[in-house]
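Visitor: Spelled out, the chains give:
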Amino acid sequence: MKLAIALVAALAFAALPLMTSSNYIIGVGISALIFTVAAAALNLIYGFTGLLSFAQLGFWGIGGYVTALTVVTFGGNFWWGVLWAALINAVVALAIGYPTLRTNRHAFVIMTLTFALLVTLIARDWVDLTRGPLGIPNLPKPSAFGYHFGTTGQYYWVAWAFSVAMLGFLYALCSSRIGRTLVAIKQNEPLVRAQGIAPMPYKLSAFAISAAVTGAAGGVFTFHLGIIDPLFLDFYYMQTFLIIVIIGGAGSFWGVIAAGIALSALPEVLRFSADFRMIIYGVILVVAMFVMPTGVAGWLRERQLARMREQLR
Amino acid sequence: MSAILQVTELRKSYAGVHALDGVSLAVEAGSITGLIGPNGSGKSTAIDCISGFQKLDGGKVVLAGNDITGQPAHHIARAGLMRTFQTVRIYERLSLRDNLAIAAQQFDPATWLDEFLRTRRYRQAVDKAEVRARELVELIGLKRYWEIETGILSYGQKKLVALAAALMPHPKIVVLDEPVAGVNPTRIREIEVALAELNRAGETFLIVEHNVEFITNLCHRVIVLDQGKKLAEGTAAEIHTDARVLEAYLGMTPEMAEAEMRGAA
Amino acid sequence: MTVDAVYLLQLTLNGITLGLIYALIAVGLSLIFGVMEIINFAHGELLMLGAFAMTFALPVMGLLYWPSLAVAILAIMLVGLVIYEVLLARLKPDEFERSILITLGLSIIIIHVMQYLFTATPRMVDTQYGFEGVSIGSIRITWTRIIGAVAAAAAFGGLYVVLRHTQFGRAMRAIAQNREAALMVGIRPRVVARNAVVLAAGLCGLAGAAISPIQLVTPYMGQFLIFKAFALVIIGGLGNIPGAIVAAIALGLIESWIGGFYEIIWQEAAVFVIMIAILFVRPDGLFKRGGMRVG
Ligand SMILES: Nc1ncnc2c1ncn2[C@@H]1O[C@H](COP(=O)(O)OP(=O)(O)OP(=O)(O)O)[C@@H](O)[C@H]1O
Ligand SMILES: [Mg+2]
Chain B
138 MKLAIALVAA LAFAALPLMT SSNYIIGVGI SALIFTVAAA ALNLIYGFTG
188 LLSFAQLGFW GIGGYVTALT VVTFGGNFWW GVLWAALINA VVALAIGYPT
238 LRTNRHAFVI MTLTFALLVT LIARDWVDLT RGPLGIPNLP KPSAFGYHFG
288 TTGQYYWVAW AFSVAMLGFL YALCSSRIGR TLVAIKQNEP LVRAQGIAPM
338 PYKLSAFAIS AAVTGAAGGV FTFHLGIIDP LFLDFYYMQT FLIIVIIGGA
388 GSFWGVIAAG IALSALPEVL RFSADFRMII YGVILVVAMF VMPTGVAGWL
438 RERQLARMRE QLR
Chain U
1477 MSAILQVTEL RKSYAGVHAL DGVSLAVEAG SITGLIGPNG SGKSTAIDCI
1527 SGFQKLDGGK VVLAGNDITG QPAHHIARAG LMRTFQTVRI YERLSLRDNL
1577 AIAAQQFDPA TWLDEFLRTR RYRQAVDKAE VRARELVELI GLKRYWEIET
1627 GILSYGQKKL VALAAALMPH PKIVVLDEPV AGVNPTRIRE IEVALAELNR
1677 AGETFLIVEH NVEFITNLCH RVIVLDQGKK LAEGTAAEIH TDARVLEAYL
1727 GMTPEMAEAE MRGAA
Chain X
375 MTVDAVYLLQ LTLNGITLGL IYALIAVGLS LIFGVMEIIN FAHGELLMLG
425 AFAMTFALPV MGLLYWPSLA VAILAIMLVG LVIYEVLLAR LKPDEFERSI
475 LITLGLSIII IHVMQYLFTA TPRMVDTQYG FEGVSIGSIR ITWTRIIGAV
525 AAAAAFGGLY VVLRHTQFGR AMRAIAQNRE AALMVGIRPR VVARNAVVLA
575 AGLCGLAGAA ISPIQLVTPY MGQFLIFKAF ALVIIGGLGN IPGAIVAAIA
625 LGLIESWIGG FYEIIWQEAA VFVIMIAILF VRPDGLFKRG GMRVG
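Residue numbers (the numbering used here), protein chains in the order written: chain B, 138 to 450; chain U, 1477 to 1741; chain X, 375 to 669.
Quick caveat, the hints were computed from the structure, so don't treat them as lab data.
Where a beta carbon is used, it is the ideal one built from N, C-alpha and C, also for glycine.
Take these hints with a grain of salt, some might be off.
Said to hold, decoys possible - Simulated coverage check for chain X against chain B, where a stretch passes if three residues somewhere in it have a Cβ under 8 Å from a Cβ of chain B:
1) 470 to 484
2) 487 to 499
3) 603 to 610
4) 625 to 639
5) 644 to 655
Unchecked claim - Derived contacts from chain U toward chain B, CB cut-off under 10 Å, selection only:
6) I1552
7) L1570
8) E1625
9) A1638
Unchecked claim - Computed Cβ-Cβ distance ranges for the label pairs, DEER-style:
10) B/F306 to X/Y534: 53 to 63 Å
11) U/L1593 to B/L148: 23 to 33 Å
12) B/R440 to U/R1597: 30 to 40 Å
13) U/A1491 to B/A146: 57 to 67 Å
14) U/K1531 to B/T210: 47 to 57 Å
The whole structure should be built from the sequences, with the hints applied where relevant.
Guide: The structure is reproduced here in structure tokens:
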């Protein structure tokens, strides 16, 4: 049932460029798709595994830079760039994940936060590689099999295909026994160990997969923007991903997807003042954490549970 | 009979407190062994050390002929030792069915690739586990909670879920830390019968419990700890007449114990 | 390259000042973590507010340094109290992720409200001391730097006395060491937590006030410092106050030395590299706290 709805929604989304010729609306559509993918990746590591990772911002940025540099500096094409973005991020995630995950989840949160900051600093200060604050403008749109995705409308298909593929992959993962094991690790790690399951490989893989998907999403988004500079690592992106996951319901696959599509329009609605927009984001975060810490999906589930309890009486 | 679990000279101290001070014990294959002692005598610490949840300061643990001393907890579980915890641990936000399924998943042949691709090997493993889970749910009498998040269960019911989960993969030995603390008397009787039944079918148990009647009825051998040392060991009847045990643990004189035994008989 | 001794000394002095500022922030974080097991993401914003408080207090006080400092610290302690009562008091222990997300939201709100009200234009702060200072040989240090460092050192002395010798300090240490035992002997965790937050806010206010004459004051000034303070809390061992101080001063020195000889990127990356290295060697930080039991 859910899958059928998802399929219809995916096809409806695919038709967006046929329904409008407004580059603005199509651009919002691309944001919605890509942000949803990044949020779903955050959901994998935070919602399912219970590890709050701020490194997503760093992976997003690395993904953007790797893809752009592959094309501009190293003469590769866009598709290879996205692949490299995923691979390099997975490796980076393993490298920082291994020492950190041995400690405790507190250290993990802080470590990932510092990592995100480090990536920002590199983007800004390692001028030889990243060209510093000026960034890399005029990123060429990709082509495949002789077809050039030159306009926003055409590039939309790339973003669409990428999103559907990534979300499909994440769904297969989260709904499998692997996803259930991640939830078990989040809920009671000692018990998981007592049942013969080593938590570390699960956590590390979840982190690496989440990093790879986020990085690839960053790469695709950069080429939509057509430029990459240190602003690509603005904390605003991280907040957007977080708010999508929290409002949708951490640990609920479909909740986060729905929230991603719905909330991606939010920044556009709040476009009138950058400051004001951020204040509203902050308020949403604080209020959501108090009013419904488990998100819409959690709230629905809570009600369903209450009904079941009723029936048992 | 041979010892499936052989523990020698276990030592563990926490910042000066000698929680275990050279404890040796053996559990015969196919037996039910009780481990009793006053609060703080080191029973849970012994379990934690044996199952790899605490680093031990000294001693040796051998499970079915393999030295498992100091191995990580998940290795020891895979080697065939399943344990429960004194403060109940279950997955509160997962259904009873999932709780039991997870407990067995490490022991079936499905790899992560099978899981991701949902191969036939995976589906067979899942079906097999489901059959076992339904049996155990019947046993603990929680059939109508099958699809329900275990968080809403009562404390005693949660203890039963933890017990069932430990039994899921047919382990070589099941180590239970106070399995019936907080469970009502009639249910305790039922669990007693069920454990005896499982034991007859070949399951080995090491049980920590303060409920003397439960231990007396079930255990073939009982080991008494006091202040990190083994105080006595023997059959339940022998323990019941051991003056040191009576004094240290049961707080009775031998005459009182005898009177009680006669009353029970 | 010959290393100039005077240059090195200058770097070292700068490093100590920097380290003391880091320490003021990190100690507050560590204190709050020790008592409540949460992290206050908005801690850097308290520092920023402290600096802003100084920019408003100084003109009113006729540029007098000490009264303005006192006003700034008191103001931030008040802010800390409000934050505790309105937000943090609602958290249960071990709601670590939730605490981060809530205080993250708070931090965003504070930064952008400040930016909205006072714009992002950096402000200079002038005090009665202006740019006067002392010269030892060819080294020159401004009074504001010296006083800032002395005030920080004095604050640590005061903190030591409070934690060691007062009722509420002892209660704080008791909770940080063993929560259950502390509750059993009748320590009220809410009161202790509130005191800890207010005290930590005070230290942060001091840090902000002390650096306001040294650095430009902007709504974003707290952000970069807080990231480093987080790392320091990890390096020093979560909840370990002396550990945080030692780690902070060491980092100040290391950054200053690196900054003196290499590109800025290395200076900024140092804290991250050190943290990774420490976690590899000692997963619980340099100076760890007691473990928890699982059974
Ligand atoms: N993590 C720990 N840190 C410090 N001391 C501990 C720890 N765990 C146990 N102890 C101490 O070790 C001793 C043995 O504790 P243990 O929990 O093994 O006792 P027990 O026999 O299981 O008691 P009970 O019947 O109350 O469950 C006690 O003195 C206890 O205080
Ligand atoms: Mg015990």
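Visitor: Against each hint, give a clear statement of whether it holds in the structure.
Guide: We went through each hint and held it up to the structure:
no.: 1; hint: 470 to 484; verdict: holds (count 12)
no.: 2; hint: 487 to 499; verdict: holds (count 3)
no.: 3; hint: 603 to 610; verdict: holds (count 4)
no.: 4; hint: 625 to 639; verdict: holds (count 3)
no.: 5; hint: 644 to 655; verdict: holds (count 6)
no.: 6; hint: I1552; verdict: 8 Å, holds
no.: 7; hint: L1570; verdict: 7 Å, holds
no.: 8; hint: E1625; verdict: 6 Å, holds
no.: 9; hint: A1638; verdict: 8 Å, holds
no.: 10; hint: B/F306 to X/Y534: 53 to 63 Å; verdict: 55 Å, holds
no.: 11; hint: U/L1593 to B/L148: 23 to 33 Å; verdict: 25 Å, holds
no.: 12; hint: B/R440 to U/R1597: 30 to 40 Å; verdict: 38 Å, holds
no.: 13; hint: U/A1491 to B/A146: 57 to 67 Å; verdict: 58 Å, holds
no.: 14; hint: U/K1531 to B/T210: 47 to 57 Å; verdict: 50 Å, holds
Checked against the numbered hints above, the structure breaks none of them.
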